[in-house]
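Asks: Starting from the given sequences, assemble the full structure and let the hints guide the process.
Chains as they are written, first to last, in this note's numbering: chain A, 1 to 320; chain B, 1 to 136.
Note that these hints are calculated values from the structure, not bench results.
Just so you know, even glycine gets a beta-carbon here, dropped at the ideal spot from N, CA and C.
Each hint should be verified, as a subset may be incorrect.
As the list claims (entries may be wrong) - With the C-beta cut set under 7 Å, the calculated list includes, among others, these residues of chain A facing chain B: (1) A35; (2) Q52; (3) V55; (4) T188; (5) R253; (6) D257.
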Amino acid sequence: MSMTNKPLLSISLLVLTLGLSTFASAQSASIGVNAAVKGDVTVTTVDQIAKQAVVKEEVYLGQMINSKKVSSLQILLKDKTVFTVGPECELTIDKFVYDPNKANNSMVANVSKGMFRFMSGNISNSGADAVSINTPTSSMGIRGTMVEGLVGANAIQIAQGAGIIPAGTALDATGATLFVLRGPGQNTTGMNRKGEITVTSGDHTVIVKGSNRAVFVPSAGAAPIVFSLSPIAFQNFSQNLRTTPTGPATYGRFEIDSHFKAKAQPGSASAQGGNGAAGAGGASASGGIGASTIVFGLGAIGGIGAVIANNNNDEEPSSP
Amino acid sequence: MKKRNKQRTGPHRLLRASHISFLAALAMSVSPSATEYNGPAITFEQIYANPDDQALNLNYARQQAAIGDYLHAAASLERMLYSQPNWDSARLFYALCLYHLDDLQAATRELDILQTRPLTPSQRGLLNDYRKMVAK
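Replies: Below you can see the structure in the form of structure tokens.
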């Protein structure tokens, strides 16, 4: 190589280095992996490159995930969180800070439309505000939880079907949100923390505990309405987020481990839904919630709903 | 003759081979009359690297359920049912995890589905026991 070519080589290396660093920053950090894909699910990178989601492909911060009808994607995040993107959903994970050796981890996801399911991982152990799922009208904080959500006109339909929307309530057809806490419920028998969600809309906040309890936010800033999800509404979620056999049994049959049989015996503490840990329970088995909270009744309630009693087992409104 | 050979090296053969190897792995790792999980410890990192490995997910679910971590057992089983919705044994296992997570509505849904599916006598007994517990 002649001496005159050296500056050219240096410039080329500089350009290449700059190009690589730009690529690296645009690519962002891997935060999870596609664990299961059904149908037509598109992943759009921060560089606006869209492609079909594929199992085992890494998920990056800031990617937008869009699913079509009868399509869904299960994402496994590095902290063990499982995020299921249901049909016609749009999801972005905008913040993911996770170091298993640290306690101040956090995650923020945005769901602008559609249905999703979320199963907590380790980040939710960092505190009640460590995991947030935002929608156009509300924000949900999650603690040790299986939760499902729906954003848009279908959320309004379910709320209307339940008869919980007061007359004259303003409804945001694109941003109305329904959250449903699935568990672990108050009678969970394992080592998992009892589930709890905190839903905030404007100045209003409600804390919900107990399986099948739902929160509907009709529009931004409106008081959240708490109610129990009806079997029909549950079926709606099931059709979109759960599986159903499609034919005869074809896969390897196995017997269920005997500890389940033992728990099904009459008189067994866990069979009766006791509150002890069934195995290595212990440290993370309970929620450490304050002893005195205000309880809502089982009927539908809004920000001014009936306050019943002092109990450590249910829900708390904390509007200002 | 040539055509037949070509078929044997095609994607169907690969799919069949992977299906057979999975069943073989399953047979080795889960005996038909399993009592408790006593296989090698499975780490989350292994699951993360192989989220579609059915045998690995099943054993991870068994391992986690044995220590009372029904949440992550259920998550693994959901993944398995996603790709194999006709896997009745996995669905029964999933239903029991949901019961212990106190999501009775979801547990009932899975138990209802299994009511008309072919189960072993032991599985049928477990199904009936848990149905009674849910109804209490």
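Asks: Each hint should be assessed against the structure and marked as holding or not.
Replies: Outcome of the hint check:
no. : hint : result
1   : A35  : holds, 4 Å
2   : Q52  : violated, 16 Å
3   : V55  : holds, 5 Å
4   : T188 : holds, 4 Å
5   : R253 : holds, 5 Å
6   : D257 : holds, 5 Å
Consistency note: the structure conflicts with earlier hint 2 alone.
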